[in-house]
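Please put together the full structure from these sequences, using the hints given.
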Amino acid sequence: MRRAYTVAQVRAAEAALMATLPDGTLMQRAAAGLAAVCADVLPSVYGARVVVLVGSGDNGGDALYAAARLARRGAAVTAVLLSERAHTGGLASLTAAGGRVIADLGAEWSASAWSRRENSDLVIDGITGIGGKGGLREPAVSVVSQLPTTAHVVAVDLPSGVDATTGQVDGPAVRADVTVTFGALKPGLLIDPAAAYAGHVVLADIGLDSYLEQPDAEALQTSDVAALLPEPDRDADKYRRGVVGVLAGSARYPGTAVLTTGAALHAGAGYVRVAAGPGTADAVRRAWPEAVVAAGEDSDPTAVGRVQAWATGPGVGTDDDARDRLANVLAADLPTVLDADALTLLAHDTGLLGGRSAGTLLTPHAGELARLLNVDRADVEARRVEHVRVAAERFNATVLLKGGTTLVATPGRPTRVNPMGSPWLATAGSGDVLTGLVGSLLAAGLDPRDAGSLGAWLHGLAARLASAGGPISASDLVPAIAAAYRAVSATGDMRGVGRPDEPGDRQHR
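Count along the sequence shown from 1, then add 1111; that gives the number in our numbering.
Derived from the structure by calculation, the hints contain no laboratory data.
Glycine included, every Cβ here is placed at the ideal spot set by N, Cα and C.
Misleading hints may appear alongside valid ones.
Pair by pair, the computed Cβ-Cβ distance ranges are [said to hold, decoys possible]: (1) Arg1363 <-> Pro1154: 57 to 63 Å; (2) Ala1214 <-> Asp1134: 45 to 51 Å; (3) Gln1332 <-> Ser1468: 38 to 44 Å; (4) Asp1490 <-> Asp1134: 41 to 47 Å.
Next up, the structure:
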């Protein structure tokens, strides 16, 4: 499991550790880790042209000490001071190693390194630290806007201009190729939009582990996914494997029932019962003869037979009949995932969840979450982690917010972040597939937090497998779910799949 901690948590851990160490030890550890990664990025340290952007905080000190190490190995280093204050010891170390320091961004800068910026090999971003708020300010904005197009950009702890804890980007910010973060991951390195600025994230161990407690956010790794996968034992039958009830589809959108049912069948459920919306029963039977489809008067959720969890919402409509059918599902007080039209109905009548004790999982995209919270969609997209947590508390449910990185929030627990996915998932019907997949996991006995986290991960991997770099439709995802299972099961592996970039896998100690 990758674990991420807030700025306050990291600073408290650093303070506790520093109390046990000689002055400056922690900064030297950070600088050593940073320099090692920079050396890996460069084809050769000797003769490399390195520009260091230095702010007033400790990140600037880390950058200067790391640059001094590179200079001692033969790199031509120029440090550009973007503040009147810079780390004194770091400056002295760099100049002693032969590095050049530019404090005047006027004529001296224009006539020297900046005029040759296209020849730079590496830029180290040490402008702001993890306590920075808001976007970059001048003169940093002008300097960053002219970063060398051919140089690798390595950010110190996190890209300057992004929020370390929330993942917000409220103005100009550095886009890094690599971010070297110290001691612990920060949530902003996992959460969009900031995660998109971080590039490949490398965790440099500086000794904080024993001083860190419950994380603020976490992300499953392949081993965690394999451990969560429901697998039948020798005594399993179709009922023990999980019976899923599907409430999906309508005459206007029969395909939603087909996709949701197919996903539930391919995600390990032993039995799928479908409360077919008007005009959908025949389409589901043709596509999935193994599903038990109830139509007409028998399609009321109270009449389809015993189930262990419900997958509800895709394409059911938002009229009174759809509302009554959803109310019957929720009144049964079984684990339930709500998506699409079920979320719209819930936004209109939040009392639908009243009195439930069973696990509930909501799976909105940003627009649906905005309706649930009665806020602007732009606010949700700008502050995703804040809004998904508010929704989880307000509805006393687990909330899965879809997006480039999916967030899964449960009251009182670290928010889970899912980086596994593909831009090709942005296609009609992919959410219906996720609903059926998660419904199957709920029926297998996983709680909503694990079902949502595992479901999002498998959904993303299925997209990668189905896509192989090209466009896919939602129908392509359904058979790929079983392949995703095989790729991460105890007997399978991820070779040839294209593992996700998992921050923290690569460590410099």
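Hint-by-hint comparison with the structure:
One distance hint, 57 to 63 Å for the beta-carbon pair Arg1363 and Pro1154, holds here, with the actual separation near 58 Å. Take Ala1214 and Asp1134: their Cβ atoms lie about 26 Å apart, and the range 45 to 51 Å is violated. Our hint of 38 to 44 Å for Gln1332 and Ser1468 is violated, since their Cβ atoms are close to 32 Å apart. Remark: the range hint 41 to 47 Å for Asp1490 to Asp1134 is upheld by a beta-carbon distance near 44 Å.
Of the numbered hints listed earlier, those contradicted by the structure are 2, 3.
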